Amino acid sequence: MPGKIVLLLVVFAIISPSHVMADCTQDQKAAILYDCRKYLSRMARRIVAPKTWDHCCRDVRAVPNRDMDCIRKLLTYTEVMRIVEIRITNLAYLC
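Residues -22 to -1, 1 to 73 (mature numbering (1 follows the signal peptide of the UniProt record, and there is no 0)) make up the sequence shown, in order.
It should be emphasised that the hints constitute simulated quantities derived from the structure, not laboratory data.
Because the structure is a prediction, the values reported are computed rather than measured.
Glycine included, C-beta positions come from ideal geometry on N, C-alpha and C.
For each label pair, taking beta carbons as the anchor points, the in silico distance ranges come out as:
1. D1 <-> R23: 30 to 38 Å
2. R20 <-> A70: 13 to 21 Å
3. V26 <-> E57: 17 to 25 Å
4. N43 <-> R23: 29 to 37 Å
5. S19 <-> Y71: 12 to 20 Å
6. M21 <-> N43: 24 to 32 Å
7. Y55 <-> T30: 27 to 35 Å
8. D5 <-> T56: 15 to 23 Å
9. T67 <-> W31: 19 to 27 Å
10. D1 <-> R24: 30 to 38 Å
11. P42 <-> M21: 24 to 32 Å
12. T56 <-> W31: 25 to 33 Å
Produce the complete structure using the sequences and hints provided.
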């Protein structure tokens, strides 16, 4: 009987999806806001999309799974007023 229980636990451990998810950090958010400012800014005269080799895209790729919604959740009210939020989501596709 204990052998069956152990076997079932092993099977469920293999089948079940991993629930370990890394979260984004304030440092990653700050780096993205700084290095991607030309693309994110509301006040920009010209929207400059980042290139894949730019610091901006390197910062985006440093976020686990390029989860820009995680970065958006960390934004303060004043940061939201300075940037166009949807562009943060677009960074995952541009980079």
